[in-house]
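Protein chains: 2
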Amino acid sequence: MNQRMSTERYNRICQLLKMRQPDLTVCMEEVTKPHNVSAVIRTCDAVGVHKVHAVWNESENLRKCTAMGSHVWVKTQLHKTMQDAVGCFKEQGMQVLVTHLDERASDFREVDYTKPTVVLLGQEKTGATADAIALADHSIIVPMVGMVQSLNVSVAAAIVMYEAQRQRQAAGMYEEQSLDEKECQEILFKGGFP
Amino acid sequence: MNQRMSTERYNRICQLLKMRQPDLTVCMEEVTKPHNVSAVIRTCDAVGVHKVHAVWNESENLRKCTAMGSHVWVKTQLHKTMQDAVGCFKEQGMQVLVTHLDERASDFREVDYTKPTVVLLGQEKTGATADAIALADHSIIVPMVGMVQSLNVSVAAAIVMYEAQRQRQAAGMYEEQSLDEKECQEILFKGGFP
Ligand SMILES: C[S@@+](CC[C@H](N)C(=O)[O-])C[C@H]1O[C@@H](n2cnc3c(N)ncnc32)[C@H](O)[C@@H]1O
Ligand SMILES: C[S@@+](CC[C@H](N)C(=O)[O-])C[C@H]1O[C@@H](n2cnc3c(N)ncnc32)[C@H](O)[C@@H]1O
Numbered sequence: 001m002n003q004r005m006s007t008e009r010y011n012r013i014c015q016l017l018k019m020r021q022p023d024l025t026v027c028m029e030e031v032t033k034p035h036n037v038s039a040v041i042r043t044c045d046a047v048g049v050h051k052v053h054a055v056w057n058e059s060e061n062l063r064k065c066t067a068m069g070s071h072v073w074v075k076t077q078l079h080k081t082m083q084d085a086v087g088c089f090k091e092q093g094m095q096v097l098v099t100h101l102d103e104r105a106s107d108f109r110e111v112d113y114t115k116p117t118v119v120l121l122g123q124e125k126t127g128a129t130a131d132a133i134a135l136a137d138h139s140i141i142v143p144m145v146g147m148v149q150s151l152n153v154s155v156a157a158a159i160v161m162y163e164a165q166r167q168r169q170a171a172g173m174y175e176e177q178s179l180d181e182k183e184c185q186e187i188l189f190k191g192g193f194p
Numbered sequence: 001m002n003q004r005m006s007t008e009r010y011n012r013i014c015q016l017l018k019m020r021q022p023d024l025t026v027c028m029e030e031v032t033k034p035h036n037v038s039a040v041i042r043t044c045d046a047v048g049v050h051k052v053h054a055v056w057n058e059s060e061n062l063r064k065c066t067a068m069g070s071h072v073w074v075k076t077q078l079h080k081t082m083q084d085a086v087g088c089f090k091e092q093g094m095q096v097l098v099t100h101l102d103e104r105a106s107d108f109r110e111v112d113y114t115k116p117t118v119v120l121l122g123q124e125k126t127g128a129t130a131d132a133i134a135l136a137d138h139s140i141i142v143p144m145v146g147m148v149q150s151l152n153v154s155v156a157a158a159i160v161m162y163e164a165q166r167q168r169q170a171a172g173m174y175e176e177q178s179l180d181e182k183e184c185q186e187i188l189f190k191g192g193f194p
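Taken in sequence, the protein lines are chains S and P. Going by this note's numbering, the final residue of the first sequence carries number 194, and the count climbs one at a time with no gaps. Going by this note's numbering, the final residue of the second sequence carries number 194, and the count climbs one at a time with no gaps.
Treat each hint with caution, since some may be false.
Partner residues are not named here, just some residues of chain P that face chain S (Cβ under 8 Å, in silico) [stated by the list, open to error]: (1) D45; (2) G48; (3) I141; (4) V145; (5) G146; (6) A158.
Here are the simulated distance ranges between beta carbons [as the list claims (entries may be wrong)]: (7) S:D107 x P:D102: 50 to 60 Å; (8) P:E183 x S:D112: 20 to 30 Å; (9) S:P34 x P:D137: 16 to 26 Å; (10) S:E176 x P:C88: 43 to 53 Å.
Covered, in the sense of this in silico footprint (three residues per stretch, anywhere, with C-beta under 8 Å from a C-beta of chain S), are these stretches of chain P [said to hold, decoys possible]: (11) 12-26; (12) 177-185.
Hints in this document: simulated from the structure, not taken from any laboratory. C-beta atoms are modelled at their ideal positions from N, C-alpha and C, and glycine is treated no differently.
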């Protein structure tokens, strides 16, 4: 065991790594507010997402990158364009869902999240781009019966991710380790997360 | 029909009022950040909450009151103390649930939200007060399998409220008007909401 780590911490990280869901993730598309980025990442950690993705022009988004970087428990990967990002998801055999306020979108509860899945999240003001909508396999919507036009983006993300958590828990997916053993060992060797 | 309103708006409001759930609400306990208050209220509107509650020292919280007031589609009621607030909920026969990060708390999905229900939300840093915990009928928790200690408060609220929405939808509770007809007429007469 790594000497920099207490036994308690070591055990906690072991347990966490066993439940990680490497084939469940989100991709934020120019989400601009650090508090939203931060809330999304906390939710992702809580449902066992191992790595979150974002499409950002890095140089312009220092504060957001800081918001992402401060969450050492979840890895982050940036992409220059949505095309790059979706290419990378498809390579991994993921279904690509875009959260989108469109009447033709499916109810988010109708989707099977036990499949490898990425959920695309749109920008606070403008929502998902035409690119994201075109590249995604399906649009999903969280139903609303009030007057407001949309939910906060971190709220919408959480509602969808906890539906995924519910389905994956029911399917026993938190009971078998999915994360590559080599990666687990590396993380433990480094004393947790970077 | 009120002359200040278009037919479209009138119909939309009629439809909204029919789905309002007057016996489902939240109570924010000193939630401090306006963006969180705002996100909670948007979510409440989206699941059909008619009135949200807060325990606040009004004079000290002008910015938050503004965040609340700007959401004209959901009524708001302030209480001086949690005791006052819970007294008011109990009078209405509501079960009082407190969202609380305690191992003894029940999984939020184990609760029956078709009953009249209020969900107490704690402050961002300090969480639910001892008062709130003592006065509530049950503590509920959203399960987490990561390293972060808690979810963002508006995120936790949304996950719980959408479970309530799911149960109430399954029980047909959005298909029958629950809001008092007199109150509906008043709202329509006033041209919508204040
Ligand atoms: C504030 S919304 C964007 C609103 C924008 N005016 C639009 O029409 O798309 C920001 C993001 O939150 C997510 N979102 C918000 N409400 C949602 C809902 N009811 N269903 C699905 N996604 C939602 C989507 O990712 C959306 O792009
Ligand atoms: C950031 S948390 C407060 C953290 C505080 N350190 C504590 O221990 O309570 C703010 C509020 O969000 C809600 N909350 C956050 N995560 C939650 C979870 N996993 N289950 C239930 N409520 C949660 C609760 O209302 C909590 O009071």
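Exercise. Lying within 20 to 30 Å: is that true of the beta-carbon distance E183 of chain P to D112 of chain S?
Worked result: 41 Å, violated
Exercise. Count the residues of the segment 177-185 of chain P with a beta-carbon closer than 8 Å to any beta-carbon of chain S: does the count reach three?
Worked result: Violated - the segment 177-185 of chain P has 0 residues with a Cβ nearer than 8 Å to chain S, which falls short of three.
For this session: Go ahead and decide if the range 50 to 60 Å is satisfied by the Cβ distance of D107 of chain S to D102 of chain P.
Result: 33 Å, violated
Exercise. With a cut-off of 8 Å, does the beta carbon of A158 of chain P approach a beta carbon of chain S closely enough for the hint to hold?
Worked result: It holds, given that the least Cβ distance between A158 of chain P and chain S is near 4 Å, below 8 Å.
Problem set entry | Interface hint compliance - V145 of chain P to chain S, C-beta minimum distance less than 8 Å | Cβ of V145 of chain P sits 5 Å from chain S, so the hint holds.
Exercise. Does G48 of chain P meet its interface restraint, that is, does its C-beta lie within less than 8 Å of any C-beta in chain S?
Worked result: 5 Å, holds
Exercise. Regarding E176 of chain S and C88 of chain P, is the given constraint of 43 to 53 Å on their beta-carbon distance met?
Worked result: 48 Å, holds
For this session: With a cut-off of 8 Å on the beta carbons, see whether G146 of chain P makes it to chain S.
Result: 3 Å, holds
Problem set entry | Range hint 16 to 26 Å (beta carbons of P34 of chain S and D137 of chain P) holds or violated | The hint (16 to 26 Å, Cβ to Cβ) is violated, given that P34 of chain S and D137 of chain P are roughly 37 Å apart.
Problem set entry | Interface hint outcome for I141 of chain P [beta carbon to chain S under 8 Å] | Hint violated; I141 of chain P Cβ to chain S Cβ min 11 Å, cut 8 Å.
Exercise. Once the shortest beta carbon distance from D45 of chain P to chain S is found, is it less than 8 Å?
Worked result: Status holds, d = 3 Å.
Exercise. Checking C-beta pairs, does the segment 12-26 of chain P have three or more residues closer than 8 Å to chain S?
Worked result: This one holds; 4 residues, not fewer than the three required, reach chain S with a Cβ under 8 Å.
Of the numbered hints given earlier, the model fails hints 3, 7, 8, 9 and 12; all others are met.
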